[in-house]
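Trainee: Residues in the sequence shown are numbered consecutively from 8, following the numbering used here.
No lab work stands behind these hints, which were simulated from the structure alone.
Heads up, some of the hints might be wrong.
Derived DMTMM-like pairs (lysine to aspartate or glutamate); straight-line CA-CA distance at most 25 Å [stated by the list, open to error]: (1) K71 - D25; (2) K226 - E200; (3) K226 - D191; (4) K71 - E94; (5) K284 - D191; (6) K47 - D191; (7) K15 - E40; (8) K47 - E94; (9) K15 - E43; (10) K71 - D251; (11) K277 - D164; (12) K226 - E86; (13) K47 - E111.
Just the calculated beta-carbon pair ranges, DEER-fashion [claimed, not checked]: (14) S182 - A58: 32 to 40 Å; (15) A58 - D252: 35 to 43 Å; (16) T27 - T50: 28 to 36 Å; (17) G285 - G60: 15 to 23 Å; (18) Y185 - E94: 27 to 35 Å.
The beta carbon of each residue, even a glycine, is placed where N, CA and C say it ideally should be.
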Amino acid sequence: MAVATPQKAVTVGSVTFDNTAPFVLIAGPCQIESREHALKIATFLAETAGAAGVPFVFKASYDKANRTSLKGTRGVGIEAGLAILAEVRDRLGCPVLTDVHDIEQARRAGEVVDILQIPAFLCRQTDLLIAAGETGKAVNVKKGQFLAPWDMQNVADKVASTGNGRILLTDRGTSFGYGALITDFRGLPTMAETGYPVVFDATHSVQEPGGRGSSSGGKRVFAPALARAAMAVGCAAVFIEAHDDPDRAPSDGPNMLPLPWIAPLLADLKALDAVSKGRALTDAY
8 MAVATPQKAV TVGSVTFDNT APFVLIAGPC QIESREHALK IATFLAETAG AAGVPFVFKA
68 SYDKANRTSL KGTRGVGIEA GLAILAEVRD RLGCPVLTDV HDIEQARRAG EVVDILQIPA
128 FLCRQTDLLI AAGETGKAVN VKKGQFLAPW DMQNVADKVA STGNGRILLT DRGTSFGYGA
188 LITDFRGLPT MAETGYPVVF DATHSVQEPG GRGSSSGGKR VFAPALARAA MAVGCAAVFI
248 EAHDDPDRAP SDGPNMLPLP WIAPLLADLK ALDAVSKGRA LTDAY
């Protein structure tokens with residue numbers, strides 16, 4: 008990624024996010040469905056990423072607060088969800104990431120998880136950004152579908168005002184008419200001009216918000232192509248929601264990748280990442 012600004016590194020446990028370093032995989036199901044399911048998916052992903060030599064962070068949400076419809080399934084709740092995430096980290100040794108939606112959730116989740124994620128729709132909520140920053144945990148902010156990539160400098164500045172510079176910025180597509188998103192890959196180096204590590208969210212970028220009337224649709228078949236394009240441009244991490252049976256998942260099923268897709272995709276991404284960052288496959292892995 009050719010940018011003029013000096014690039015920062017954010018280290019979380021044994022994982023380092025850096026726009027010039029080997030990419031990190033952030034992956035997991037859209038929401039925590041049960042303890043057993045979360046451990047099953049996390050174990051598979053950790054083993055697959057480990058075999059590929061790719062650093063791994065487990066992602067799952069205890070509450071999906073921004074559902075299309077009131078009927079949407081939201082998850083197991085904060086108490087059970089944080090306990091499950093802590094168990095995943097303790098058992099597998101990987102950092103864990105989850106969404107927060109208000110100040111109190113930021114404080115409570117900040118006592119447990121390694122990375123707090125600010126959903127795209129909330130990326131301009133000053134009090135939430137400051138509360139997340141004040142936890143001292145790494146903060147991953149998703150760019151709102153309604154924002155330009157250069158607008159994320161102001162977003163990052165809000166978090167950094169707390170003295171916490173452990174900031175990640177994620178692109179998850181931009182609104183394009185009604186019920187569609189499009190990815191402008193110029194946004195990745197543009198956001199990297201902030202100096203902070205940039206994440207590309209491959210699966211939410213193929214979402215069709217409200218596409219099924221009372222739930223979101225999407226076309227998962229395009230997610231691997233977008234992930235490969237992001238690696239060619241260059242970024243610090245790729246975010247992929249994955250599931251053992253996505254067509255029966257309670258949320259974001261049309262976008263999530265089946266588990267058998269992960270290993271071959273990681274092989275492609277690793278090769279492209281090495282080329283885009285100007286090193287041999289054996290370097291730094």
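Trainee: Now tell me, hint by hint, if it's right for this structure.
Mentor: Verification of the supplied hints:
Among the hinted pairs, K71 with D25 is inconsistent with the structure: their alpha-carbon atoms are about 28 Å apart, more than 25 Å. As the CA atoms of K226 and E200 are separated by approximately 30 Å, the hinted pair breaks the 25 Å bound. The straight-line distance between the Cα atoms of K226 and D191 is roughly 17 Å, inside the 25 Å bound, and the hint therefore holds. At roughly 20 Å between alpha-carbon atoms, K71 and E94 fall within 25 Å of each other, so this suggested pair holds.
Proximity of K284 to D191 is assessed by CA-CA distance (about 20 Å); at most 25 Å being required, the pair is judged to hold. For the hint pairing K47 with D191, the CA-to-CA distance comes to about 34 Å; that exceeds 25 Å, so the pair is violated. Annotation: proposed proximity of K15 to E40 is violated, straight-line Cα distance about 35 Å (limit 25 Å). With a C-alpha separation of about 12 Å, the suggested pairing of K47 with E94 holds against the 25 Å cut-off.
A C-alpha spacing of about 37 Å is found between K15 and E43, which places the hinted pair above 25 Å, so the restraint is violated. Distance check on the hinted pair: K71 and D251 sit about 19 Å apart at the alpha-carbon level, within 25 Å; holds. A C-alpha spacing of about 31 Å is found between K277 and D164, which places the hinted pair above 25 Å, so the restraint is violated. Taking the CA atoms of K226 and E86, the gap is about 32 Å. The hint is violated against a cut of 25 Å.
Our distance criterion of 25 Å between C-alpha atoms is broken by K47 and E111, whose separation comes to about 29 Å. In this structure, S182 and A58 meet the distance hint of 32 to 40 Å, their C-beta atoms being roughly 37 Å apart. In this structure the hint that A58 and D252 lie 35 to 43 Å apart at CB is violated, the actual value being about 22 Å. Look at T27 against T50: about 30 Å separates their beta carbons, and that is inside 28 to 36 Å.
At about 18 Å, the beta-carbon gap between G285 and G60 stays in the expected band of 15 to 23 Å. At about 41 Å, the beta-carbon gap between Y185 and E94 misses the expected band of 27 to 35 Å.
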